[in-house]
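Visitor: Protein sequence lines, in the order shown, are assigned to chains A and B.
Residues 1 to 505 (this note's numbering) make up the first sequence, in order.
Residues 506 to 1010 (this note's numbering) make up the second sequence, in order.
For the record, the hints were derived by calculation from the structure and aren't laboratory data.
Take every hint as true, because none was put in to throw you off.
Ranges of calculated distance between the beta carbons of each label pair, as one might list FRET restraints:
hint	chain 1	residue 1	chain 2	residue 2	range
1	A	Pro214	B	His697	36 to 46 Å
2	B	Asn529	A	Ala282	47 to 57 Å
3	A	Ser505	B	Thr789	53 to 63 Å
4	A	Arg211	B	Lys669	53 to 63 Å
5	A	Glu208	B	Ile710	31 to 41 Å
6	B	Gly812	A	Asn455	56 to 66 Å
7	B	Thr998	A	Thr207	51 to 61 Å
8	A	Pro287	B	Gly685	38 to 48 Å
From the three backbone atoms N, C-alpha and C, an ideal C-beta is built for every residue, glycine too.
Number of protein chains: 2
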Amino acid sequence: MWRKQNTKIYLLSMKEITANDVANFVKNGDRVAFGGFTPAGSPKVSALAIAKKAEEEHASGRPFRIHVLTGASTGDPIDGVLARADAIISRVPYQSNSDLRNLINEDRVQYCDIHVSHYAQQVKQGMFGEIDLAIIEVADISDSGEIVFTTAIGVSPTFFRHAKKIVIEVNEYHSPKIRGLHDIYETELAPHTKPIPLVTVRDRIGTETIRIDPAKIVGIVRTNMPDQVSAFSSSDEDTDRIGENVAKFLSNEILSGRILPQLPIQSGVGNTANSILKAMSAETSIPPYTMYSEVLQDSVIEAIKSGNISFASGAALTVTRECLDEIYGNYDFFKTRLILRPQEISNHPEIILRLGIISINTALEADICGNVNSTHVFGSNVVNGIGGAADFARNSQISIFSCKSTAKDGKISAIVPFCSHMDHSEHSVKVLVTECGVADLRGKGPRQRAHEIINNCAHPNYRDLLNQYLSIASRGHLPFSLSNVFKMHETFTAEGDMRKTVWGS
Amino acid sequence: MWRKQNTKIYLLSMKEITANDVANFVKNGDRVAFGGFTPAGSPKVSALAIAKKAEEEHASGRPFRIHVLTGASTGDPIDGVLARADAIISRVPYQSNSDLRNLINEDRVQYCDIHVSHYAQQVKQGMFGEIDLAIIEVADISDSGEIVFTTAIGVSPTFFRHAKKIVIEVNEYHSPKIRGLHDIYETELAPHTKPIPLVTVRDRIGTETIRIDPAKIVGIVRTNMPDQVSAFSSSDEDTDRIGENVAKFLSNEILSGRILPQLPIQSGVGNTANSILKAMSAETSIPPYTMYSEVLQDSVIEAIKSGNISFASGAALTVTRECLDEIYGNYDFFKTRLILRPQEISNHPEIILRLGIISINTALEADICGNVNSTHVFGSNVVNGIGGAADFARNSQISIFSCKSTAKDGKISAIVPFCSHMDHSEHSVKVLVTECGVADLRGKGPRQRAHEIINNCAHPNYRDLLNQYLSIASRGHLPFSLSNVFKMHETFTAEGDMRKTVWGS
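Sequences are here, hints too, so could you generate the full structure?
Guide: Shown next as C-alpha cells:
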C-alpha cells in the first residue's frame, strides 16, 4: 500500500482485465510462462484463475493441462494451486512446492530441472517450444512504456521477447522507489554474444527498466499484495555449529592470505545459510564483505543493516513483508547497498569465475570421495531441483558445501560411500562442512579426501563403519566396492537405521 | 631438423647444461612442473635423467620421489619413465600413461585429476604448493629474451611465474616459422580478473611470445626431436556409424535452423573423434566450420587441408611427425588457419559459453537418465581423468557424448541403469549417440530421457533388460531401484556377461 492506484497514461491506454480473463486466454496444452524468481516477483492472481478454469474443465470432462515455465520456484499461488488442480503437464526449471513435488515424484508432472545459468539461453534457443502466454508482475509502467520490475527480474526479459502474448500484473503494493533497484542486461545467443562488462559486484551494466512490444500485451491485471515469503526457519545447535565451522574456515583463509577479504560470498537459502551469515558476522577477522548471490533473504538484509555486508547483488529479494517494508522505509540506506539482476547474470559462469566468488551451498548427502547430492532422496524422489547451486559450485574460487552429519535422529548418515544421486562432482566440491568439522579437499587425491571427510565430517557414530568400507574398497583410484556401495542405504530401507549396516566381502 | 644449432646471443648468455645436471637440481620431495600439453610441447630429456637418478637413489637405499605437475597428459618420456622408476609421489592434473595409471590404481601415486580450465587458477592460488623447478620446452629465445613455445603452451606461462627455478629445453627440431602460432593470454586472480576479449575463434588477444625473469633460469638443455605422438588408432564400423549419426544430427540441426552453421565445434580425441570429423566432412549440408577445441590431432589438419575446417584454435598441436613436417612444409597455408592458446583460454567457460560451441566428447558409460562416466571403470579404476571434457560439456550450446553401445564383445552394455562414476550429470548431457542411434535429451524430463536412451542408443540385446529395469524403478522423479541399480555391473563381475542380469524385486 505504498501508493494510490496507478493512473499513468500508458497504463490507462492498456486494456484492464481480470484474472478470469487471463484464464480465458489459456488453452489446454499451452505453454505459459510466469515471471519472478522464487515467490519474489511472481504474478499473484492469474494462476489461481487458471487453476479454477482447469477444475471446471475437468469437471466437465474436458482435458486442461498446461506446460509451466517460471524463473525458479514460485510458491503456492502458482505451483501449489496449479498442482492441486492437476493443471500441469510439464515444469521447468526449478520448484520447491510440496504439492507439485508429490506429482513430480508420482511421475504425473514431467519435471526438467535445469541449471539456473543455462535456462535463459535454452528458452532463447526454443528448447521448450514456443511460449503462448507470459504472465509477468511489474511494479510500474512509465508513461513512455518503461517497465519497472518488482522484487525479481528472473528470466522475464527473455519471456517478454519470446512469448506470443503477454499479460502484465501491475502490483501496486510496491513503492515507486523500487525503480533503480534493477540492472537489466540480456545476453545474446552466439555468435552475437559479447563479454559481459561486469567486473565488480557493484557494477551497473544494463538498464533500470525494460521496454516491450506493446502489441503483445493483451491485458493488465491490477494487484496489491506482497510476495508470499514465510519467515525463515530458525537455526538450531547443529546449524549454528556448521555456521561457526564455515566462519572459522573463512577466517583462517583470510588470515593466512589464501583468500582476499573482499572476495564476494554466495550463499544458498535456508536455516543453515542463515546460521552461516550469523557466524560470519560474529567472526571479527572477517571484515565487511560483499555478496554476489542468487536469493537474498531476510538474513542478508539484517547483515546489511549491521554493516557486516557492504553490498549485495542477487536475482531475487525473497524477503518477508516486514523486511520489505523496512527496506522501503529506509530506502536511502538500502538503495546504495542492493542490486537485482536477471538470473542469467546473477548465476553466469563468466561472472562467477571473474569475481572469484566463495560459494556456500547445502548438501543433502555427500560421499567419501567428495561428490555431493543436493536434489534427490535415495536416488529417486526430488526435493527441489538443481537450481543455481551448480553454477556457483563449479565456477567459484572456493566451493563450500555444508550439511548436518546425520538425519532422522542419527539413523541416516549424510556421509555415505557413494551418493545416490550426483549433482556436484568431487571436482566441484572443495570444502565440506558439517557440525562435526571441516574437510579441506583442495589439491588432495581421492583417498586423502576420504580420510578428511570421514574423520572430520562424518558423525562419530559412523566413522568406524565408513573406515571399514574404505578398507574393503582398498583397490583402485577411487574407493568403490560394487556390492557394498549402497549397503548403508539398503540397510536403512530394510531396517530403518544405517548404523546396522554390515559390509559384505 | 629445421635449422642449424641456435647461436643467438641471449641463448649463448645462458648456462648450457645437460639433462643429468637437471636431475641434480631435483631433490627428494620436490615439486617439479613440466611444460606442454599432451606429448605436444613436453620436455624431451630431463625426466629421463630424473628417473635415472631416482633409480640410483633407490638402489642406494635412499628415498627419491617427487610431486609431478604438468599441463595435461605427457607421454612415455615423462610419465612412463618416472612411473617405472617409482619416482612419483603425486600427479596433477591429467595423465594417460599405462604405467602411471597402474600405479595410481594401486594407490601408489596420489592422483588428483582436475578440470583443465580450473587448473591454472589453482596453481596460481598455490593449491599444489610451491613449485621448486619448472622444466619447459621452447622452440626459440630471441636476442631480446622473447620465448617462443613449440606445439603447446599448456599452463607454462603460469609455471614460469610461480616456479622458484626454471630449466629450459630448447628443442631445435622446430622450425623458426612456429613463432606467431601462439596467442598467449593469462588471466589474473580475482579481484583483478578482466573480461577476456576473445569474441571469435580467430581472435588474437595476447602475445606471440612471453618474457620471463632470466634470474630464475638455472640452465638451458638443447634437444632436437619431434613430439612422440603415435598415429591415431584406426576407425571401425561402429565408430564410423557413430560419426554418421553425429554428422546427421548436426546436419538436421543446421537445416532446421536450430543451430547456425558457423558455430564452432569442439571434439575430443581418439578414433571415434576421427570418425566424427570424417563423417562431418562427408555431410554436404555441413558447410566449412571452425574448431575451438583442446587437442588438435592429425584428423583436424586433414580437414583443414580438405577445406572442411576453415580455422582451428586449440591448446595443443598433438600431431605425428609426418603431419608436423607437412604443416611446416606448407606453413603459409596453415599459419592463417591455426592458433594455439594457453589451456586456461582454450577451455575457459567464459569463452566456451560466448562462442556457443557444439561439444563432442566420448563417454565410457552412460545411464538411462543421461549421466555420463568418462573416467572410471566400474567406479574404481581410472582410465585417464576428467581432462577438459567437462569444461566443454557444461558450457557448450549443445553437448554431445558418444560411445559404442557395448564393450567386451557385447558382454558389457555402455548404457546402464546408473553410472558407476559420474563426470557429467544429466544437466550437461544434451545428446547421446551410439552406433545404434541418437537420443536427443534437450528439454525432456527423466523418464522421457530414459525412453530415448534405451530405445535409440542401447544395443538391441539390452533394450528389454533396461526397459524391465525402468518398470521396476517406476516410482519417483528419477528411475532408481536401490537393490538393482548396479545389478548389471555385479552380474558382469560374477558371471562375465551383463546379459545374464536378473532383476530383483
